[in-house]
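Novice: Start from the sequences, fold in the hints, and give me the full structure.
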Amino acid sequence: MCPDCHRWSYPELSARCIACGTPTVPARLRGIGTVHTFTVNRHRYHPDVTPPNIIALIEPVDDPTLRLIAGVVDCAPEHMRIGLEVEVSFEEHGDVHVPVFRPRRTGVAV
Amino acid sequence: MRSASKEPFVSGLGLSEIGRRLPTTSLDLALDSVRSAIADAGLEVGDVDGVATLGDAPQSVVVRALGIEPELHLGRIGSSALFSPFLSAVEAIRDGRARHVLVYRNVNMLGGSYDPAAGPNPDWDPATDPGQNWRADLEHLNTDLDLLLAAHAFSAANWFALHCRRHMHLYGTTREQLGWLAVSSRRYAELNPHAVYRDPLTLDDYLNARIVSEPFGLLDCDVPVDGSVAVVLSHHAHAEDCPHPPVRVAAAGGADGVGGWTQRRDFPNMAMVDAAAQMWDRTDLRPADVDVAQLYDGFTFLTLAWLEALGLCARGESGPFVDGGDRIALGGALPLNTYGGQLSAGRLHGHWALHEACTQLRGDAGARQVPGRPEVAVVSNGGGPMAGCVLLTR
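Heads up: the protein sequence lines correspond to chains A and B, in order.
According to this note's numbering, the stretch in the first sequence is residues 1 to 110, in order.
According to this note's numbering, the stretch in the second sequence is residues 1 to 394, in order.
Read the hints as simulated data drawn from the structure, not as lab findings.
It cannot be assumed that every hint is accurate.
Under 10 Å between C-beta atoms, here's a sample of chain A residues computed to sit facing chain B [said to hold, decoys possible]:
(1) Glu12
(2) Phe38
(3) Ile69
(4) Pro77
Glycine included, C-beta positions come from ideal geometry on N, C-alpha and C.
Specialist: Below, the structure written as structure tokens:
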């Protein structure tokens, strides 16, 4: 994130802010947001991924103009909708932690 | 402004046999289309002094088979995505670098090399095969592709479903409206003997098809085929000897693709918005002047998005525009994808659309000819970060 203008660097990490040129610093997103759009995939494209699987763009509360690309888990396809409140969770794949989102379960104020 | 009569023009058109899993090699399909186009232009094979292509049949192999040694080899992808070879050929003739440039696009439905038995050819030389690495040419547009794959969005059907769902949310676009595009395309395909799928299709058939990635079902997706399209572009001096009325490029547009597949600030807009704006900036013609449209339909939704990007209907109005199919039918205000589209005729990466636009402007489209002698056609290609569009006139 840019410490001056608070613009996030996404999807690619850039060393400097693309808006003002200030060197970026790592920053923590709060991990909650809403669904901007989504699709329920029903076709088996990969032997290790069993459909239906949900893919979404997530607007984090930190900056709703950001759109995080992520899978959505623990949600029945019929309950998916644009505007759904979600929270982050991490799937471990060896050394890699992949962020996914699931419907928010707590009423913690944002 | 240059006089239109001094501009390069489309002199020849050729189409190979087209089908699913054909036993014919890509080389033979390419040669079939190429020889047809050259003959159609009223030329001999030896008249060709430039070749432009990208895709499955390398031009070094095709020119060897034709027995010619053209000096000009084109095929790098510029800002106009898959139309770049066609447009670079127009430029080359305008600049006096060639007189007759052969442009062809061969597509192999299962991908692979020009001859499935032959494997990759170590002799491919960028100087004579500039279009063989076209996928690498597009790599810089894939800024968010790794993240899509990490989220298990493996297919373009997944990516464009995200755009389509957002469009539905913003504007009330429905699956039935997407379906009318599929139904309309099939009605045209019934009139096109070269189209792959010609059996009648109803809206119910569309709605009952297997879901691929919501809201897309199987009939929102185009049909992979084997085939080849060829076009010959010629210097204006050839116009009098050409057996057909000349079709010329009035304007073209491309885009830089910034924002990748999902990260444009104005999502669900895509690069096509920029390409269309650039094209209209370069001509006095207006969207209302368009008589027939051949818009990219790798997925139904992409055609809706192109209708809006090109200003052929208002933002958010593409669903109602195609609803019921009358407006986009042969006798409607804007006949659309009159060869049957990639949805029913077959996926030749936007080049069949180009071929059809020229055919319509010539008045040679037979049973599917747009009435009233169309004078202006628009053709578009691509989705996501890729976009190219061309305005053609006769």
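Novice: For the restraint on A:Pro77, tell me whether the closest CB of chain B is nearer than 10 Å.
Specialist: 8 Å, holds
Novice: A:Glu12 was flagged as interface toward chain B. Is the shortest Cβ-Cβ separation under 10 Å?
Specialist: Because about 6 Å separates A:Glu12 from the closest Cβ in chain B, which is inside the 10 Å limit, the hint holds.
Novice: Using 10 Å as the Cβ threshold, decide whether A:Phe38 counts as touching chain B.
Specialist: Holds - the Cβ of A:Phe38 comes within 10 Å of chain B, reaching about 6 Å at its closest.
Novice: A closest beta-carbon separation below 10 Å is what the hint needs, so does A:Ile69 meet it against chain B?
Specialist: 4 Å, holds
Of the numbered hints stated above, none is contradicted by the structure.
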